[in-house]
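There are 2 protein chains.
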Amino acid sequence: MLIAAVVISCAAHAGEVLKSPDGNLELTFSLGEKGEPVYSLSYMGKKVILDSQMGFVLKYKNTPGMHKIPFRGPGGPASLFDGFETADVKRSTFDETWTPVWGEESEIRNNYNEMAITLKQKSGKVMIIRFRLYDDGLGFRYEFPMENALTYFKIYEEVTEFALTGDHTAWWIPGDYDTQEYNYTESRLSEVGALLEKARTYNASQSFVPVNSVQTALQMKTDDGLYINIHEAEVVDFPTANLELKADEMKLHVWLTPDAEGVKGRLQAPCKSPWRTVMVTDDARKVLASRLILNLNEPCALDDVSWIHPVKYMGVWWEMITNKSLWSYTNDFPSVQLGKTDYSKAKPHGRHGANNENVRRYIDFAAENGFDALLIEGWNEGWEDWFGCQKDYVFDFVTPYPDFDLPGLNAYAHSKGIRLIMHHETSSSTVNYERHIDKAYDLMNEYGYDAVKSGYVGDIIPYGEHHYSQPIINHYALCIKKAAEKHIMVNAHEAVRPTGLCRTYPNMIGNESAMGTEFRSDINPGHTTILPFTRLQGGPMDYTPGIFEMDMSKLNPRDRSRMRMTICNQLGLYVTFYSPLQMAADLPEHYAPFMDAFQFIKDVAVDWDKSLYLAAEPGAYVVTARHPKLSTLNKSQEGVASLADGKKDALSGAARFVYALGEDATSADLEGAVARDVWYVGGITDESARDITVALDFLQPKVKYEAVIYSDAPDADFETNPQAYTITRKTVNSKSRLNLHMARSGGFAISLREIRK
Amino acid sequence: MLIAAVVISCAAHAGEVLKSPDGNLELTFSLGEKGEPVYSLSYMGKKVILDSQMGFVLKYKNTPGMHKIPFRGPGGPASLFDGFETADVKRSTFDETWTPVWGEESEIRNNYNEMAITLKQKSGKVMIIRFRLYDDGLGFRYEFPMENALTYFKIYEEVTEFALTGDHTAWWIPGDYDTQEYNYTESRLSEVGALLEKARTYNASQSFVPVNSVQTALQMKTDDGLYINIHEAEVVDFPTANLELKADEMKLHVWLTPDAEGVKGRLQAPCKSPWRTVMVTDDARKVLASRLILNLNEPCALDDVSWIHPVKYMGVWWEMITNKSLWSYTNDFPSVQLGKTDYSKAKPHGRHGANNENVRRYIDFAAENGFDALLIEGWNEGWEDWFGCQKDYVFDFVTPYPDFDLPGLNAYAHSKGIRLIMHHETSSSTVNYERHIDKAYDLMNEYGYDAVKSGYVGDIIPYGEHHYSQPIINHYALCIKKAAEKHIMVNAHEAVRPTGLCRTYPNMIGNESAMGTEFRSDINPGHTTILPFTRLQGGPMDYTPGIFEMDMSKLNPRDRSRMRMTICNQLGLYVTFYSPLQMAADLPEHYAPFMDAFQFIKDVAVDWDKSLYLAAEPGAYVVTARHPKLSTLNKSQEGVASLADGKKDALSGAARFVYALGEDATSADLEGAVARDVWYVGGITDESARDITVALDFLQPKVKYEAVIYSDAPDADFETNPQAYTITRKTVNSKSRLNLHMARSGGFAISLREIRK
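Line by line, the protein sequences are chains Z and F.
Read left to right, the first sequence gives residues 1 to 757 (the numbering used here).
Read left to right, the second sequence gives residues 1 to 757 (the numbering used here).
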C-alpha cells in the first residue's frame, strides 16, 4: 500500500503536461511531496506562472458532513489542498464555433485542449481539477462529484495561487467586497501596498479587503512585453474573488468575499467552482480580441431569444446625477412609510425630474433621433429617504409619483416607436426586492416595458452580506432568471462585475459594475482605455457615454467641476466599448448645439458581426473598427417598417438602419431593402495627445466608401477646449490611410458607408 | 434658561403618579438629576418595582440622521436615556369590552388608566413613554414621533430595567436568540447564574445570550405571595427581548436580540417599541385569567374573519418524531438538488410516512372520530438532506413525493369532512421560503387547504440572523399577513414566542415556541403546569397533547425512553391549555385500546365563552373549567349537517357538537337543534401526586348534569403505570363537590352535560 502510494506520488510528481492547440502555451500539473496540487504555465517555453498551489482550506468545525472525515495530517478535515493522490487523468480536445445572440462578432470559436485530474484523499474527499488550455489562455476550475466523502462543506479560504515571474506593471483597483467603482492605478505590483490607501476613494458602500489586494480582472504587462490577465469566469453560486498580493513573493492568491458569517462559500456536491483564468498574449490587441471568458461559460440556457434585442437609449437620468433635478418629489416628509405616506396630498418641491412634461420632452427628442428607448429614474414613490438609511421597505417598484402617468407615458412613447425602460433601485435591500419583484415584473409586462435597469446602491440587506458574497451573487442570478421567464432584459448597476454569464443568459444586456460616467469629474483621463482590458472582459458595460457638456456648473451652478474628456472621446466610446445597450447620456438641450456631432451617435450601430482591434495599450489608447450585424439592423428595419405603416407599439431604432440604408432611400424602399456596407471606427486616448494612422484595409476591395470623420479640433483639449471638433467627409477605399489627431483625453469616430452607383 | 431648566427638572423630579382603575397599583415616573427617566411600581402601597432606568443607548456612529445631533454630555448622540426634560404629560382612561374571534372567553374587558409623557432633549430628540396601568399590571412602551431630531436610528442596547425588591422565586428558561425549547428551572433569582449551564440543553439552533439572562415571559413569586410576571406585548418590527439578570443588584434589564450586524433594532420615526409589561397579582389563578398581553395589542386588522375557525386535528407526524417512519422517501441521494434530483426513478426506502395508504388510514380514523383536519408532514420533495446543512434551496413547498397523491388525498379527505393541513418546513431559510411562499399558498388555495403548519428548524438564513432578531420577526409577520390575504390560518413552529399578536391577526391560530410534546422523555414532569404562566400568556400553543403510549420502544425498538406523564395528564391538557388548534398527537393504533378514554378528546371543545381557573400554582398544578362557545359549536353543526346531506368538502368537527347535542339525537334533529349546556374541567399536576376537590358551583343552579370523570387510577404513576385510569359517570349539580386524585405527573378530565327531561 505504501509502495503503491509512492509510485502514484512519483508518477504524479513527474507531472502532467497539457498544450494549447497552437502549442504556444504549456500547462504542467503535479502533486508535491505532501500530495499538494501544483500547476505552472509557460508561453513559448518561458514560464509565465511559476509553481502555484491549488485547492481550498475548509471550515471543518460545525461543517455538516465533516464529522465523517476522521483522517488528520495531510488530507485532514480542513484540507482540500494536500494529502491527495491522483485517481484519474482524462484528456480531450474541443473545437466548435457558436453564435452569440448579440456581441462583438457573429461567430465565436471555442477551441481548447482539456485535462481533468481526479484527486482523492485517503479520507475519501474527491476533487477534480479541470484545465482548459486555449491559444490565448488558461482556465481551470475545481469540481466536486457526488460520490465523495464531502457533501455539504464550507470554504474557509481558497488556496489558488498565481506565482508570477517578476514585478510586472499592473492596472488595478483596490480589493473590495462591495464596490468596483474605483479609478485604476497603474503601478508595479510591488508598489500596490503603498498606493492602496490613496486608491480607496469614497463609495456609498465599500468594504476594504483586510489584506493587500486588488480585484479581478487584473491586467498586467511583463517587462518582456507579455500581457497577462487574471480573471474568473462563470461565477455562479459562489463568492466573487479578489486577488491578495503577497508582494515579497510576487504571488497572487484568490481571496474570496465572505458572507455575513465569514464563510467564503457554502458548497453542496455535486458542484463546481468558477473558472480561474490566466490570459497570456504578446499583443495588447489580442486581449481585446480574446473570447476566453465567454467561451468558459455555458451555452445559452434560453430556448427563445427572439425577444432580446440591442438597445440605443436616452434617459431622464443625467439631470438627477448632476443635481439639476431630483429623483424625489417632495420635501414634506422627514421619512417615508410606503403605503402610509400620502403623496397625493404632498406639496411637490418642483424639482422632480420624472414628471409627465419633462418625460414627454425626452420621448420626443429620442423618437426624432431614432433611438429605441428611454430610461426614466425617480418615477416611483420612496426617493425622499432612499439612501444611506439601510431602510428595508424602501420601494415597492409599482407605485408611481402623482406626476408620473405611467400608462399614459407608455402609450405616448409607443406611439412614437419608443419603449420606456423601467428603473428598479433596490437600495441594496435584496430582501425587499425579492418580496416585490414578481409584481414589479408583471407591471412591466402589462405596460410593455421590456428592459429594466436595476440598482444596488448602499449597503446590502440582509445585514452583513456583501455585494459580492455568495448569497447576493445568487440573488442577481435569481433576478436574471425570473426576468428571462418574463421576457425582460436586465441592466444591473452596482451588482457584481459580470464573468461571462451573458453567454448563458443573453437577457443580461448590461451591467455597470465599474466606475462609469456618473462619477463625472472624478474619472481620470485614460480610465476608458483600461476598462476594455479588465471590466469588459466579463461582459458589456452600461458606461453611459455621450456627455457633450463637460462644465457641470451648466447643470448645477454650485458644481464647479468639469468632466475630463473631449466630445470626440465620447464619440469614440461608442465603438471602443462594446455594449448591446448604449446610452446617449446627456440632455437634449446639450446635444442641440452639436447636432452635427450627435449625428454619429444616431448613426452608430450597437451590435456587430466583426470587430477589429487596430491599436491598443492599456492606460494609453484603444482604436477599434466594427462592422454591424445585418440581422440586428433588420430588427431596426422592422421598427421603421412598423412606423411607416402607422403601427403603434413598435421598436424604433430607426436611425442606425436609416444610416446603413442611406438617407436618400424613399419610404417605399424601406421594406425588404438591403443595407449598404458600413463600418465604424472609434479611437480614444488617455491624458496624452496622440496622432495615429488608421489603415482602412478592412474595407471591401475595389469599393468606394464615404467616410465621415469626427475628430478633435487641433486646439481641442480636455481641460481647455473639450467641445472643439472637426467633421470631415471624404471618399476612401481599402487602400486609404487616415491620419488622425487625438487631443489629450480625446478621441475620434468614423462612419464608413459604401457609395452606390 | 438655566433657572427654567432647574424648575422643570424639579417639577419632573417630584414625579408623576398613575393609579390602576381599582387603585391597587400605583406607578411613579420621574426624571433623575441628569434627566434620566425613572419609574417604579407599587401594589397596595408596597413597592413591587423599585426605581428603574428607562430608554435606549443608540448606536450613533454610522447611524444615518445622527450627524444632525451635535449635543454631547447628558442627552448626547448615543443617549436616549438621559438629558431629558418633560415637554408634556397626557392622561386618559379607557374602558371597552371587545370580542375575540376565538379565545378563552367570548368577551374581554380592556380597562386601563394611561399616562403619556413626552420627553425632549436639547438636541431635539423626542421620546414619548406611554404607560397603561391595569388592575392586573403595567404596560409601557417607547414612541418616537415624526417631529424629531431622530429619523433613522439604531439601538445599541435597551436600558429598560426592572429593579426587584428581593430574591424572588422564578420559573425561567435560559436566555437565547434562537430557541425557547427548554425545560423550566425553578430557583431563586440569585441561583440563576449557577444553574444556567445545566439549563442549556441541546437544540438544533441555539445562541446563548452572552450574559446571565432568562427569557420572557418570566414568572416570579415573592416571599409575600405576590405573583410578578415580566413579559412583552406586540413585538412588531423590533427584536424580541431577553432579561439580563444582574443578581448583585436584583435587577432585570432588557437584552434585545441582535441582528447579523449586532444591531438591536433599526428604527424609523414615527415608530413604537413593543410594550414592556409587569403583571402583579396576589393569586396565581389571576395570572391565568389575565388578558394584559392581548389587551395591549391592536384590535383585529382583518375585515373578514368568517373563514377562521377552531380546529381539532390529528397528524401523520408522531410516527416520524418517534422514528417509526420517516419524513424522507429514499436513501438513493447523498444530497438533493431540487429540480434536478429525479425522485420518480428513486428507489423508495419503504419507511416514508406520508404515503397514500397510510394517509388514507389516518383520514379514516380522524373522520370516524369527528375531527376537523389532518396534518401530514414529509409530503414534499427534499427531506433527504433538509436538516443541519444550512441548505438554502431546501424545499419548494409545491412538489409532492411520488407516493403522495395531493389532489387525490384532498378529494378523499374532503369527501369525509376532513381538511388536510399543509406543512411548510422552511429549515429556517426565510430567504428561500419567501421566494416560494406565494406559489405555495396558491397551491393550498387550489386544493382547499385552509391551514398551514410552518417550521423553522435549524439556523436562520440570512446567515447571522436569529430566530428572534428584527428581520426575522418581520418575516413571520409577512407570512401571517400574506396568509390572511389568502384566507390561510398559520401555526408556526420554532418561530418567535407570540406576544398577543393573535388579537390583531386571528389567523395566527397556533405557535409552538416552547418545549412541546416532540421533546418526549426530555420533558420534565410539571412542565405543563408552568407554560400557562409563561409561554401561553402571549397566545395559544400547539403543544400537540394526547400521547397515550408512553413507551417509546413500542414505536422505535432502539428508543428505551418513556414519556413522563399519565394518560389522564394528557386529557387534562385539553382544558388547562388553551388553543383554538388542538391535536390528538398519538397514532390511531395507540388510541384503539383506550377508546373509552379517547372519548374525552373527541368530546372536548376547542373554543370557549367562559373559562374559570379553579386552582393553580406554577410548577405544581393547574385546574381549569371551561364552557364552550355556542357559535363555534354551530360551525361544527354546519359540518355535521353538510355531512348528513351527503355534501362534500364540508368541515366535520362533528364529535364535539354531537357531544353537546347528545348522542341520542337523531339525524333529523341535527339541523337547528340547540345544544345542551356543557362544561369541561381539566387538571394537571407536577411530579407530586395530589388530591383535589372541585366544587361545581359554576354549573347552572337547579340543573342536573351528567359528569364523566376520567381520572388516574389509584395505582397510576408516570413512571410505573402511566396508562391506568378510571372512568366514572355520575349525576351532579351546582352544589356537588368532586374529590379527585392526580397521580405523579398525572391529571384528570371531566365532561359535564345537562341532563334533559
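Misleading hints may appear alongside valid ones.
For chains that are exact copies, the list does not tell them apart, and a pair is met inside one copy or across any two.
[To be verified] Below, in silico cross-link-like pairs of lysine-lysine (BS3-like), each with a Cα-Cα straight-line distance of 25 Å or less: (1) K272 / K47; (2) K47 / K345; (3) K439 / K340; (4) K61 / K198.
Hints are computed from structural coordinates only; laboratory data are not their basis.
Hint by hint, here is what the structure shows:
1. With identical chains, the CA atoms of K272 and K47 are never at most 25 Å apart, being 28 Å at best within one copy and 66 Å at best between copies.
2. Neither within a single protomer nor between protomers do K47 and K345 lie at most 25 Å apart by alpha-carbon distance, with minima of 71 Å and 50 Å respectively.
3. Taking CA atoms no more than 25 Å apart as the test, K439 paired with K340 passes inside one copy only; the shortest distance there is 19 Å, against 27 Å between copies.
4. Taking CA atoms no more than 25 Å apart as the test, K61 paired with K198 passes between copies only; the shortest distance there is 23 Å, against 39 Å inside one copy.
Hints 1, 2, counting from the list given before, are not met by this structure.
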